[in-house]
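**Student:** Residue-level listing of the chains:
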Amino acid sequence: MEFFRIRKDIPFMRHALVFNVISLVTFLLAVFFLVNKGLHFSIEFTGGTLLEVNYAQAPDLDKLRKQMEADGFTDTQVQNFGTSRDVLIRVPLSKDAETSKVGERVMASLARVGAGGTATAGGMAADAPTLKRVEFVGPQVGKELASDGAMALLLVICGIVLYLAMRFEWRFAVSAIIANLHDVIIILGFFALFQWEFSLPVLAAVLAVLGYSVNESVVVFDRVRETFKKKRGLTTPQVLDHAITSTISRTIITHGCTQMMVTSMLVFGGPALHYFALALTIGILFGIYSSVLVASPLVMWMGVSREQFIQVKVEKQEAVV
Amino acid sequence: MNRYPLWKNSIVLVAVVLGLLYTLPNFFGEAPAVQVASVKSTHKVDAKLMAQVEDALKAASVVPQGIVLDLNSIRVRLVDTDAQIKARDVIEKALNPVAVDATYSVALNLVSNSPNWLTGIHALPMYLGLDLRGGVHFLLQVDMKGALTKRLDSIGADLRSLMRDKNIRHGGIGREGQSVVIRFREAETREKARAVLADNQPDLLLVDAQDGQDLKLMATLKPMAQTRIQEFAVKQNITTLHNRINELGVAEPVIQQQGADRIVVQLPGVQDTAKAKDILGRTATLEVRMVDDEASANPGIMEQAARGQPPMGTEYYVERGGRGLLVKKQVVLTGERLTDAQPGFDNQTHEAAVHLSLDSAGARIFKDVTRESVGKRMAILLIEKGKGEVVTAPVIRSEIGGGRVQISGRMSTMEANDVALLLRAGSLAAPMEIIEERTIGPSLGADNIAKGFQSTLWGFSAISTFMIAYYLLFGMVSVLALSANLLFLVALLSLLQATLTLPGIAAIALTLGMAIDANVLINERVREELRNGSTPQAAITAGYERAWSTILDSNVTTLIAGIALLIFGSGPIRGFAVVHCLGIMTSIFSSVVVSRAIINLIYGRRRKLEAVSIGQVWKPGLATK
Chain A
-11 MEFFRIRKDI PFMRHALVFN VISLVTFLLA VFFLVNKGLH FSIEFTGGTL LEVNYAQAPD
49 LDKLRKQMEA DGFTDTQVQN FGTSRDVLIR VPLSKDAETS KVGERVMASL ARVGAGGTAT
109 AGGMAADAPT LKRVEFVGPQ VGKELASDGA MALLLVICGI VLYLAMRFEW RFAVSAIIAN
169 LHDVIIILGF FALFQWEFSL PVLAAVLAVL GYSVNESVVV FDRVRETFKK KRGLTTPQVL
229 DHAITSTISR TIITHGCTQM MVTSMLVFGG PALHYFALAL TIGILFGIYS SVLVASPLVM
289 WMGVSREQFI QVKVEKQEAV V
Chain B
893 MNRYPLWKNS IVLVAVVLGL LYTLPNFFGE APAVQVASVK STHKVDAKLM AQVEDALKAA
953 SVVPQGIVLD LNSIRVRLVD TDAQIKARDV IEKALNPVAV DATYSVALNL VSNSPNWLTG
1013 IHALPMYLGL DLRGGVHFLL QVDMKGALTK RLDSIGADLR SLMRDKNIRH GGIGREGQSV
1073 VIRFREAETR EKARAVLADN QPDLLLVDAQ DGQDLKLMAT LKPMAQTRIQ EFAVKQNITT
1133 LHNRINELGV AEPVIQQQGA DRIVVQLPGV QDTAKAKDIL GRTATLEVRM VDDEASANPG
1193 IMEQAARGQP PMGTEYYVER GGRGLLVKKQ VVLTGERLTD AQPGFDNQTH EAAVHLSLDS
1253 AGARIFKDVT RESVGKRMAI LLIEKGKGEV VTAPVIRSEI GGGRVQISGR MSTMEANDVA
1313 LLLRAGSLAA PMEIIEERTI GPSLGADNIA KGFQSTLWGF SAISTFMIAY YLLFGMVSVL
1373 ALSANLLFLV ALLSLLQATL TLPGIAAIAL TLGMAIDANV LINERVREEL RNGSTPQAAI
1433 TAGYERAWST ILDSNVTTLI AGIALLIFGS GPIRGFAVVH CLGIMTSIFS SVVVSRAIIN
1493 LIYGRRRKLE AVSIGQVWKP GLATK
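Top to bottom, those sequences are chains A and B. According to the working numbering, the first sequence is numbered sequentially starting from -11. According to the working numbering, the second sequence is numbered sequentially starting from 893.
Simulated from the structure, these hints should not be mistaken for lab results. Just to be clear, a hint being listed does not mean it is correct.
Once the Cα atoms are required to be at most 25 Å apart in a straight line, the calculated BS3-like pairs of lysine-lysine come out as [unchecked claim]: (1) B:K1127 x B:K1114; (2) A:K89 x B:K1037; (3) A:K131 x B:K1114; (4) B:K940 x B:K1042; (5) B:K1221 x B:K1037; (6) B:K978 x B:K940; (7) B:K1058 x B:K1114; (8) B:K1259 x B:K1221; (9) B:K1169 x A:K89.
It should be emphasised that the depicted structure is a prediction, and the values quoted were computed from it without experimental measurement.
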């Protein structure tokens, strides 16, 4: 089998402007949604209590909501989680002192409801939910998580820029990081647009994707460097075209394989891994696009040329030994 | 020719064997076991106790599969759950003759079923996090300001009695915010007070101040003393938590300091959060009471008391060392008056001793009581779980002033350490607040394992199918390399006993999905070399060599992201990051070295290699469409 039978280098760079405009538009849209709608942070960031309960029969969510309200919980979210018999309840932080007891109070409140119309037949005991999971997060923790997340992102950016600048050239470093940060913003834009829950695993996925798509750019840049050194007489756009064309089969196969794994997580991983896998999917799809078709034109605009690698060549040989 | 030197092949072979060895325990599953741990820090779990457990089991003709002694517990492995419950009852009876006053916790647990020789080389199954095995997780914040305020309050009381002892007249002592303020009428007395304070309270920083007519001396804690008090507060709270949690009978509790002022408590298998919270918040106390010497000296009364009929107004206790004594019900002092307890040595006899510091009110009471009862015995009791134990009952030889009390006699250094710890551990040094709580039901944990396993399995199969279909034999080798990667990763996780969480399993899956990149790079390069007309052997060499620098670069960037997560991540992210970073490192080795070793084994020796099985190599020149 051979999927990619490419006779000539594909003239990607001829359309560089188009690609850059497309990514600028998606980027601006993502920023627009982020600003307008904001992220739907999980309780890990906002603080609050989360309960996952399981009923023997599918409960009437409205009844649960009403009972919760009657018991003095305002602003709670009650929704199904995975199946119709699993219910997820989010209670925001309240001012009263006993925040850590909220979980028990919610369970008491739920026990009073029973699961909808069948309550009389089965009796209360059968319809009382069983607790699968409780999470309580105090306000201090959430703030720290947000700042830690930002610090982690900053560290990743600095680390990657430094490494690429050292190994290649500053132009490559800057364009790779711009291209991939634009991925990150787009992932966040999706989460804002659809109001998907942004939790800690999603943050981990976003950072992992950042590292992963940078390595995509690295593969292309590696080829660019090699082509510059090997083939004389090619213009910069031609070199870039050649590099992208000769790595495109690998790009698509690798991403396809990674995506197979991620799809498997999306299908079999259950609700706990759902948004994690979703963030990865978006990241991988946009990663192909941005690391190849955004980073390379950026390198070109910044004026990369053959001369920059002749100097590097001497250093490199020493480094390899 | 593509041949690996012997040492390289040996490295691969050794790595694979070690990988298999350390992955092995994960397949044995778990066996029912009984775990014995000490509830009181004065009793250690040692070989003697192990012999006791063995004897008890032998007497009841329960045959254990194995008995293991580790740092703080004894684990007895048993054939089935029936034997487990019987063994628990037998051990419980042997070790804790009085059920209400248990010295050891005897809990049901699961231990790995792997054979002893594996356990002997520290090959253990992966350590599952709470989200996979179910349990309770608490993050507690120690109120550091509270610890300092508590300390300053007691310093204030100390200063009051110090001033009185030294006959220095002052206009009032009080705590204002984070400092203790002493008011004076004359500058002269203030100077005198300053000299006295400098001698007696080295932890205090003294500053002059004036408030209208009043001259003031502001005493604040030196920064060094503050850190010491705060560190001490966290440590003491951890000790207290340990003591309390032992009582819950949790098999493997985790109690760790996190950051400067936080404590993580993880109780696997515990579902009842309400009870757990109740126990975490409970207090144990110290009491000082007088011994009824006359009654204790009377054998008739003692005999009756031992049978549960002590005289009015007294209680019967057994002192450590086995002798019974009658203690008056009236409490002289409680643990609230205790500010510190440190192990040390007696100045004269050089015996091991415990030095107690009382606050000023406590010191005054102690002084009065000891003056009135020279020659009598005083009992120091530790009240735990509503049950008292006489730690020691020394004879008062002289009046004891200054709030410094020493307990000595019949103690080893070790015991002195333990008693000091126990006395300190009686109560919390600073209030704590639960700032994070997670409860995961056991069914959800098992569910999470199944889901994580399923995702990895199906993803892995999909990738394998594709790779073999697309690259034929080279694809097969890539799949073998990927399997080796999984093997190394699981072995490393088992070896390091890093906590595996659901995000950790996701990281295993993701890492495998990313690791295939290296093999795709190599295979594509080899094809490209073939396309450009290289001989198969040369194509293999060039393919691996050219791909190497790219693989390295791309893995380093992924690793940078992983390390950033490791540094700044907490909780679930940390679990993800650990696996991710380890996986990147194992993937470099397996995708480059292991796959090359296999390829060399297959093709390396053939001198006249016509073609390699890497799937169709399409050449632009000869269009075969």
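**Student:** Each hint: holds or not?
**Tutor:** Checked hints:
Annotation: proposed proximity of B:K1127 to B:K1114 holds, straight-line Cα distance about 20 Å (limit 25 Å). For the hint linking A:K89 to B:K1037, the alpha-carbon distance of about 24 Å falls within 25 Å, and the restraint holds. Proximity of A:K131 to B:K1114 is assessed by CA-CA distance (about 30 Å); at most 25 Å being required, the pair is judged violated. The suggested pairing of B:K940 with B:K1042 is violated, with an alpha-carbon distance near 42 Å, which exceeds 25 Å.
With a CA separation close to 36 Å, the supplied pair B:K1221 and B:K1037 exceeds the 25 Å bound. Between B:K978 and B:K940 the alpha-carbon distance is near 22 Å, which keeps this suggested pair within the 25 Å criterion. Among the hinted pairs, B:K1058 with B:K1114 is consistent with the structure: their alpha-carbon atoms are about 24 Å apart, no more than 25 Å. Only pairs whose Cα atoms come within 25 Å are accepted, and B:K1259 paired with B:K1221 is accepted, the gap being roughly 20 Å.
A distance of roughly 10 Å separates the Cα atoms of B:K1169 and A:K89; the hinted pair therefore holds under the 25 Å criterion.
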